[in-house]
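Q: What follows is each chain in one-letter form.
4 protein chains.
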Amino acid sequence: MRVGILTSGGDCQALNATMRGVGKSLYNLLGDVEIYGFLDGYKGLIYDEYRKMERSDFSGILTEGGTILGTSRTPFKQIREPDANGLDKVEAMKHTYRKLRLDCLVVLGGNGSLKTANLLSEEGLNVIGCPKTIDNDLYGTDMTFGFYSAVQVATNAIDCIHTTAASHGRVFIVEIMGHKVGLLTLYAGLAGGADIILVPEIPYDINAVCKKIAERHASGSRFSIVAIAEGAISKDESKLTKKELKKKLAEDRKNHPSVAYKLAKEIEEKTGAEVRVTVPGHTQRGGQPVPYDRVFATRIGAEAARMIKKEKYGVMLSLKNNEITTVPLADIAGKLKTVDPDSGIVKEAKMLGISFGDEE
Amino acid sequence: MRVGILTSGGDCQALNATMRGVGKSLYNLLGDVEIYGFLDGYKGLIYDEYRKMERSDFSGILTEGGTILGTSRTPFKQIREPDANGLDKVEAMKHTYRKLRLDCLVVLGGNGSLKTANLLSEEGLNVIGCPKTIDNDLYGTDMTFGFYSAVQVATNAIDCIHTTAASHGRVFIVEIMGHKVGLLTLYAGLAGGADIILVPEIPYDINAVCKKIAERHASGSRFSIVAIAEGAISKDESKLTKKELKKKLAEDRKNHPSVAYKLAKEIEEKTGAEVRVTVPGHTQRGGQPVPYDRVFATRIGAEAARMIKKEKYGVMLSLKNNEITTVPLADIAGKLKTVDPDSGIVKEAKMLGISFGDEE
Amino acid sequence: MRVGILTSGGDCQALNATMRGVGKSLYNLLGDVEIYGFLDGYKGLIYDEYRKMERSDFSGILTEGGTILGTSRTPFKQIREPDANGLDKVEAMKHTYRKLRLDCLVVLGGNGSLKTANLLSEEGLNVIGCPKTIDNDLYGTDMTFGFYSAVQVATNAIDCIHTTAASHGRVFIVEIMGHKVGLLTLYAGLAGGADIILVPEIPYDINAVCKKIAERHASGSRFSIVAIAEGAISKDESKLTKKELKKKLAEDRKNHPSVAYKLAKEIEEKTGAEVRVTVPGHTQRGGQPVPYDRVFATRIGAEAARMIKKEKYGVMLSLKNNEITTVPLADIAGKLKTVDPDSGIVKEAKMLGISFGDEE
Amino acid sequence: MRVGILTSGGDCQALNATMRGVGKSLYNLLGDVEIYGFLDGYKGLIYDEYRKMERSDFSGILTEGGTILGTSRTPFKQIREPDANGLDKVEAMKHTYRKLRLDCLVVLGGNGSLKTANLLSEEGLNVIGCPKTIDNDLYGTDMTFGFYSAVQVATNAIDCIHTTAASHGRVFIVEIMGHKVGLLTLYAGLAGGADIILVPEIPYDINAVCKKIAERHASGSRFSIVAIAEGAISKDESKLTKKELKKKLAEDRKNHPSVAYKLAKEIEEKTGAEVRVTVPGHTQRGGQPVPYDRVFATRIGAEAARMIKKEKYGVMLSLKNNEITTVPLADIAGKLKTVDPDSGIVKEAKMLGISFGDEE
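Residue numbers (the numbering used here), protein chains in the order written: chain A, 46 to 405; chain B, 46 to 405; chain C, 46 to 405; chain D, 46 to 405.
Derived from the structure by calculation, the hints contain no laboratory data. What you are looking at is a predicted structure, and each value in this text was computed from that prediction instead of being measured. Please note: incorrect hints may appear among the correct ones.
You can't tell identical chains apart in this list, so a pair holds if it fits in one copy or across any two.
Said to hold, decoys possible - In silico DSS-like cross-links for lysine-lysine, where the CA-CA straight-line distance does not exceed 25 Å:
1. 256 to 291
2. 392 to 355
3. 357 to 392
4. 380 to 284
5. 392 to 354
6. 357 to 395
7. 380 to 225
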């Protein structure tokens, strides 16, 4: 069999671990297999740039961060548009696929990338998706690889801030990745012992945030730690239309490089507290994958190989009840999993006294 | 309300995180609560040794390994026997419970400890169990806290061995905790990229193990890594009666401090390879809990508090499909969850070419 | 004997480890000793706020980040001015010292704090200084505690960025603490494998920086990593008077929250490359101390106790040729150790091809 | 120029970092250079097995544990003996060196390996040594690379044991690498907060050890941690002749796999305490190098390249007063640096109350 593979979108940990799982299992299950690794995501498929991957290429990469194939962000919208030279990208991908006589294409990607994967599936290619993203925002799976490794990095940041915060007596804001979905912030906030957790799905009231800080101060706590997602918005902002919100955020960005800096200024003005901002940024995508992700990625990879052997295509591998299963790409493409404000984990966090800034 | 709490059995990470969850949530949900922490597990309950725990006692312990209450191994069998002074331990525990006018007792424990918890429940005490153990071998829950933190430590050991093994060209054996259940070895073995994984549930054939090593050597690999559980047994041993096996293991122990040393000698004799043994031992119970465990423990603690508020007793908190729920102590006491040789994860490991030593 | 102790200035790792060394050794060497821990640095000494520290207070804090006594930044200049109520701070400190009949005061502090320590020494108090700072910029000692732990955190950030940078093909800027001195940036840059290292002591030419990036790109490297100290300045800026520079930096701050963002914009404009900024910020002061710092802090603490026993005051403990010795506070107060552009380590970095942005 | 390079002896962290330093600097300083990497240490030089190393071979290996060239232990004694086929190894090495028309050979090695390096130097080859070993026992340099990374691993083990020990109330013994020299045990013991540190250079009295444990127990401590070097010996053993000692240790080895197990039994018998043994073993040689080692190794590598350019041979790179310098191989070959019982660091440890088991 002839199998193509690519990694697409923002990179994360365990991309290599997943490819190792796919590659080792394919060589093991099929014996006779040719694997083509496309460079820099869909770009490689469009422009016919790849390298043949031998059995040995999949050795020694289990713990490596990043992706040995490179990746690129190629938004779904962009995929459907011709390139600068007028090339039809979808047709180009189909052409490369057929030229190499591929039996299937394995795509490691998040939301946008899997939308493209579904498109290719609809266009007649045999496609298998693997759920990649630090955001864990993919519909149809309990987990995505990369998530717990990013939680680790973000939690480490909060841990470090914790000791320094306790020494000085300040408010610290840690900005965690997540433009639309707050799961990473929620988990890292819980794991790091944040006092206030602000996520896009639960608009916050600045007064509730400041009240929580004041209460902690009044009860003798020397510091407060706020974990805020990049895309957190206030209650007022949540009432705007999409267009109005976009405009407002663009305005804000002129004064503050990100949401954390804006919040810091508001808290300083309202409470007089000294506020410090930390932005772990892209470190959340890097470093070695944690054991959870390594096991999960390895399992996903093995099952992807099994699906290829079974010639079961048009699906994404998925975790359900601790077992790896599949869901049709068509069922999940373009859908998001988000923080449910009424979910158990949010309620549990509130039981401990953690504020989401939504108290009346 | 008046709540007792204790940590029992082998210690693990996230015991303090769980108690923090219970304590913070109790103070938060009930306002008026008295919490009594019994020292060194059931011993404290038997001999009336405890300390009252204030709200502040639960602050700053989220990331601390160990248990601030101490623990002890008090096997179920021992609990039922009178102590050296003829004291009936069960009656003593009931006496302490009543003397302190407790409304309930929260037990953080593993298999044996929850058996005792169930006994106390049957004796009329209000008991809530929290699933603690590095082995993840508790029936009735998808996960126990401590497991992923122990996986982290064991995986780190394999990671370190990996680089040194690659430099020298040897066989390395890493012995991982688990006398009856191999889940910890299975997960750490997968996460660390072990070539051979030996667990109690899948008896191994020494010839299959050596064959795998020889195959790797023949294909140019400079080294092989074996992850073996403390309680792994050979196919021959698996055919013995329980009594015969016990006798044989006692004999073995005279010559080898543990199973890894025995296996090392066998491999050296059969293959001529240079073999090295590493025993991370009790480090697997120590260090800071990983984020997974911190989140999970916090959730368990919050739900324990909620159950207390609801006066729902005689249950163990449990993870099912990512939600925290409860199972009756009576349903799970004394039952083990083990590695299922036919489970998805074992099959997936085999797809990658990992040997469990059971090949024909 | 009666000994006071305080931690002053920006916090860092190993403050607790050092106090543990002082406290354990004092109890051990003197048997009969009373130790008074002043709260929040000099503030506690000024306003007579302290707690008596028992032998057990020094147990279990070796690995804890932060400081159990709290700290505050009280600049030397501020120390010499009366407080809001007209209180003479220096007199107040002397008063507290005498009221408690202290035999000596141990100050864990950096540059400013040791200047104050020297002042108190000149005023007749018995003072011993311990060299604390993540910047390693204290004159008169080869090393300060906190430095290598901060290097670890900053290096981890660069490590994480490395894997993500390699996947995407971008320029990444990591901003590392250090307003006046670039030692932390230099060491973390070397340890993390940065391609360009910019420190205050070696003004950079933006064209040299961009040239290095272009060269790397031309030779097939997919990414470049810049480690920049908070206080790095360009060659043009280095020619300004102190007053002019201050004004310019204030202007810059209006457009960019910090130097890294400014550099990012310049590089983007000049090279067209996609640039990302990461600011580990206060995480560099937090987390557990690395073994180097623990050993060093323990040694410093023991020798401080020995000096107290010998009644040798007016000195700072110092590392010279791997031995702990002392230097007079008067000799080092107010002096800085900086990156010497002609030192071995800078030359060695350049031999590897690392750019400091000062190439002609 | 034509440069050979090899890594010899027990592997450790930062071997790759050092080679990266050498390789990058050579390409940078000389432009025109050919580098030959010999496989598996001196074996590769003897049997003419090597690979040519391009500039790109030195990229991306800064943080990798192990050695990309492989290594082997080839004792000095063995080097001087003919091999199984009667080959004169020294002549074979000279032959390979000349056949490849090398200008010099860079050897990354410890004591034994540098003795061989010196022999080759005496035989007329141009040799440069780099001080590699986790033991830091090389004469003529303040530090060796690998040491602080091994300290990190060993300290992590003690840290993990600390939390579990505190929970249970036991004596824990951690066996740390070091057959002849106890520096690694001393530093890890100090960094991990061990209560008792036993090293080969300070023979211990089992009664002093047990007395210390009893004292801690009496003063309310729940546990004691012993850090023992593999080669630690008792006072009685220290009085034996070398031959007698060898015989006794061989006897001991029949009953106990290592010194820690023997000590455990003695303590159990004498104190009745429950004792647990942990043997981190080869993990101490593995994993990523810590920043200290990365910076140090990079500097060593750069200076090795500079020496080659200057054609200064017959030397080992060495750290003296934070600068990299050189010492003649002839001056240091075969000499050991050990723990000086009268050194500052040992005295400081004793000031804190740490026992070395040598108290009268």
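Q: Under the constraints set out in the numbered hints, which ones does this structure not fulfil?
A: 1
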